[in-house]
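Chemist: Starting from the given sequences, assemble the full structure and let the hints guide the process.
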Amino acid sequence: MKLSELAESLSGTFHGDAGIEVTGISGLDDAREGDLSFVLDEKHMKKAAESAASCLLVKKHDPSVAKAQIVVDDPQAAFVGLLGKMRPRPFWPSGISPMAYVDPQAELGEGVSVMPFAYISKDARVGAGSVICPGVFIGEGSSIGEGSLLYPNVSVMDGCTIGKRAIIHAGVVIGSDGFGFIQRKGQNVKVPQVGSVEIGDDVEIGANACIDRATTDATRIASGTKIDNLVQVAHNVQIGEGSILAAFSGIAGSSKLGKRTVMAAMSGVGDHVKLTDGVTLTAMAATTSDIDEPGYYSGFPIMPMRDWLKTMAALRKLPELAKRVGELEKRLADNDTRGDGK
Amino acid sequence: MKLSELAESLSGTFHGDAGIEVTGISGLDDAREGDLSFVLDEKHMKKAAESAASCLLVKKHDPSVAKAQIVVDDPQAAFVGLLGKMRPRPFWPSGISPMAYVDPQAELGEGVSVMPFAYISKDARVGAGSVICPGVFIGEGSSIGEGSLLYPNVSVMDGCTIGKRAIIHAGVVIGSDGFGFIQRKGQNVKVPQVGSVEIGDDVEIGANACIDRATTDATRIASGTKIDNLVQVAHNVQIGEGSILAAFSGIAGSSKLGKRTVMAAMSGVGDHVKLTDGVTLTAMAATTSDIDEPGYYSGFPIMPMRDWLKTMAALRKLPELAKRVGELEKRLADNDTRGDGK
Amino acid sequence: MKLSELAESLSGTFHGDAGIEVTGISGLDDAREGDLSFVLDEKHMKKAAESAASCLLVKKHDPSVAKAQIVVDDPQAAFVGLLGKMRPRPFWPSGISPMAYVDPQAELGEGVSVMPFAYISKDARVGAGSVICPGVFIGEGSSIGEGSLLYPNVSVMDGCTIGKRAIIHAGVVIGSDGFGFIQRKGQNVKVPQVGSVEIGDDVEIGANACIDRATTDATRIASGTKIDNLVQVAHNVQIGEGSILAAFSGIAGSSKLGKRTVMAAMSGVGDHVKLTDGVTLTAMAATTSDIDEPGYYSGFPIMPMRDWLKTMAALRKLPELAKRVGELEKRLADNDTRGDGK
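First to last, the protein sequences are chains C, F and D. The first sequence maps to residues 4 to 345 in this note's numbering. The second sequence maps to residues 4 to 345 in this note's numbering. The third sequence maps to residues 4 to 345 in this note's numbering.
Source of the hints: derived by calculation from the structure; they are not laboratory data. Each hint should be verified, as a subset may be incorrect.
Since the list gives no way to pick one copy over another, a pair counts as held whenever it fits inside one copy or between any two copies.
With a Cα cut of at most 30 Å, we get these calculated DSSO-like pairs of lysine-lysine [stated by the list, open to error]:
id, residue 1, residue 2
1, K259, K5
2, K46, K167
3, K46, K277
4, K167, K277
5, K326, K313
6, K125, K262
7, K229, K277
8, K88, K320
9, K188, K49
10, K259, K313
11, K229, K70
12, K259, K88
13, K259, K229
14, K262, K50
15, K193, K259
16, K88, K193
17, K277, K50
18, K333, K320
Modeler: Spelled out as structure tokens, the structure:
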């Protein structure tokens with residue numbers, strides 16, 4: 004695509020030779036000649052100038068950088084929009100494969116694709132335009148909203164509800180039994196998990212993540228929440244709108260996360276814990292108690308991130324501190340001796 | 004169901020209007036009007052009184068609480084029993100689907116269900132009444148005990164044994180190769196894993212958990228052990244009876260866990276470690292050395308939980324402690340100066 | 004097999020009765036009578052002597068040990084070679100099953116096995132002699148090298164490349180979308196992931212591990228790298244040759260690991276981090292900053308392992324240290340009082 008055409012399609016203005024051919028699109032780190040990339044803010048302009056990219060999406064033209072530039076209001080959003088045009092969807096409508104199993108009492112919306120080896124149970128519903136990939140299982144009475152994409156080998160157990168435009172990556176399990184046992188006569192007795200899972204609209208769930216069904220009532224994930232690979236959501240957990248859960252984060256039973264919760268990688272929330280809106284747990288942080296103030300939290304036991312940074316800085320000097328205390332003790336003992344000996 | 008009928012079915016006595024209709028069952032947290040719930044002990048009575056539940060299973064009648072009450076010996080067990088009646092089993096006997104693959108040399112017990120797209124290899128055996136869901140793979144010579152339920156997309160590799168009444172949740176992998184390599188001439192050379200996996204009776208394994216086969220001999224999980232989602236059990240591990248392993252817990256190669264081991268979420272056991280019976284690792288605890296005394300252990304490096312609690316309390320005050328040491332040094336230096344100046 | 008024959012097959016010399024029958028092979032821990040085992044080095048000779056093994060592979064004959072011994076240059080490698088003969092491969096050539104789906108435009112090399120319920124998309128290629136197990140999905144345009152083994156229920160999304168002799172264990176997901184979102188108007192907007200995954204030769208990936216596709220360009224895993232179960236490799240990560248990643252290790256977006264990186268269990272690398280060649284992260288270590296020197300690193304925040312060991316030793320004594328500081332303060336206050344009172 005020519006620079007001038009690209010600028011026009013983005014409603015931006017361009018600086019550089021209108022006829023330059025943009026042949027690819029990539030992040031600054033892996034840009035090659037011919038690529039279009041974007042500059043998040045002025046701090047990244049130097050890195051952009053040094054990259055191999057031929058053309059930059061920028062907020063403000065920088066004449067000192069000898070590259071074609073397209074000025075737009077929001078370079079990152081424009082970049083994301085262009086990416087979306089490059090891979091509009093990985094699966095094409097394919098109808099209902101005769102190699103799939105669709106129960107006669109399942110209900111499929113218009114334009115649904117069910118690929119070979121997918122299994123759709125009795126009373127399950129799949130909304131219009133959704134794609135059900137090979138190896139997907141949808142349990143009895145479960146419901147998938149319109150325009151959703153279930154990647155291969157996803158298992159949605161019975162009685163679960165997933166909203167519109169869901170993206171469920173390969174290997175995800177939704178509606179497995181919550182982990183509940185009581186001890187009686189030295190045995191672990193299973194607590195039957197008779198609840199379900201309710202997932203809002205525009206939720207994405209990463210590969211091999213697990214969302215357990217509730218003991219009673221429902222495990223709930225509100226709309227707009229994005230979950231990374233290998234995340235664990237236990238029974239009866241409630242996750243607020245627009246939350247972000249990174250890989251290996253885990254939430255134990257019955258905890259309630261507020262809106263826009265962010266859990267960084269390997270962070271955890273204990274059972275029956277309540278987080279207010281806007282809480283961020285940094286990597287490897289874990290809390291077993293409620294958090295009432297929005298903000299960044301770190302460590303285990305949990306503390307505000309700034310305290311944790313101070314604590315960790317002090318921890319690094321702990322062996323030295325112990326030595327200093329030993330010296331103080333020695334000096335004081337010497338002083339005392341001298342004092343006594345006076 | 005009417006209160007009087009419910010009380011009778013539980014061999015309990017009731018307090019309240021015999022004709023009250025109980026329309027549902029749920030935990031105290033999510034109880035609605037019409038629901039039956041249970042009160043674990045007297046400490047929870049206040050919470051129960053404030054809940055929306057219409058009827059409570061209690062150990063002792065509390066006349067100050069204005070709700071119908073059914074008195075039973077063990078309210079929690081009674082509650083669990085009622086849950087079991089609500090969802091007796093998620094899959095119904097369905098026979099052997101013509102859309103499944105069952106090797107002619109596989110051996111299926113009476114009343115086994117094999118659903119579409121399941122694959123049962125040569126010389127595999129499935130015990131009477133077991134249900135094999137879509138997408139399940141059972142490898143050559145493997146054996147599944149009676150009354151077991153293998154949820155969708157479970158993979159049981161060759162030569163593995165699973166006992167009776169197993170519940171294996173979706174996506175579980177049993178019998179994958181242990182992670183063993185030796186370094187030779189700068190290369191990682193694979194150590195073939197020729198052992199197997201042996202799982203006792205009444206074992207439950209959570210979604211997407213992984214149980215590796217042994218290098219030689221067998222990885223063993225004793226009867227009554229319950230494993231949560233996304234747990235890792237490495238080659239040659241031995242897990243004692245009635246153990247509980249929560250999500251993201253992991254056990255490295257050849258370690259031996261005693262009976263009734265409890266591993267809380269994100270806890271770990273290093274390789275070749277031996278834990279005596281009755282050891283509990285709290286969340287995020289990890290041990291690389293043997294533990295000979297039953298009890299609660301925390302942190303990494305591991306320590307008894309009470310020591311860890313003290314240590315963490317001290318850690319929170321570490322920046323302040325460092326300041327105090329600095330002040331001591333200053334005061335001592337001042338004293339010395341004054342001392343010298345005398 | 005007779006001792007003399009075994010020794011001959013290993014080009015070793017034997018000590019003991021030539022006619023002894025070796026009936027099995029196992030590690031020292033689980034050796035039974037009749038078994039052959041190996042002795043890693045002289046330190047393990049005592050353990051070997053006490054084991055039930057009937058015959059030992061040794062580097063040097065030890066006449067004080069009353070067991071048959073076979074002397075070879077490299078006992079461990081000889082042992083590994085013998086294991087390989089016991090379980091040469093878990094799947095046999097089976098041709099293309101009529102119960103599989105192979106797109107007419109897919110390209111299969113000679114002797115490829117495609118088992119029932121496997122799905123091979125348009126323009127996908129599978130190299131000669133590879134085995135594709137039940138429930139495997141191979142996406143559009145993806146390529147699997149010669150002699151590879153994809154265990155059941157593996158999902159390889161579109162446009163990914165896997166080299167020769169790959170071993171991909173059950174439930175692995177390769178090419179799921181990287182976890183990328185930008186926040187606009189209070190919403191999480193998906194960053195389309197248009198890149199791919201490129202995996203070299205002789206790579207092994209453990210059960211239920213996840214390798215995300217790149218935003219642009221490719222996530223790359225170099226040849227000879229071995230990845231354990233339940234590992235997370237995020238978008239645009241680059242992993243150097245011959246690396247070893249243990250269970251629950253995770254690498255965040257765009258990080259570059261050098262050659263022969265070792266990540267022990269539950270260790271992590273933050274995003275945009277660069278590790279030089281030969282870095283080992285010990286269990287539960289995590290780094291968010293670059294590491295320029297090879298060696299062992301521990302803790303979070305990360306530090307050289309020897310510093311971490313000292314720090315942890317000091318941490319164990321922290322409550323005591325705090326007490327000592329309190330006593331110093333008291334003594335100094337007493338001294339001052341006495342001083343004032345003089």
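Chemist: Looking back at the numbered hints, which does the structure fail to meet, lowest number first?
Modeler: 1, 2, 6, 8, 11
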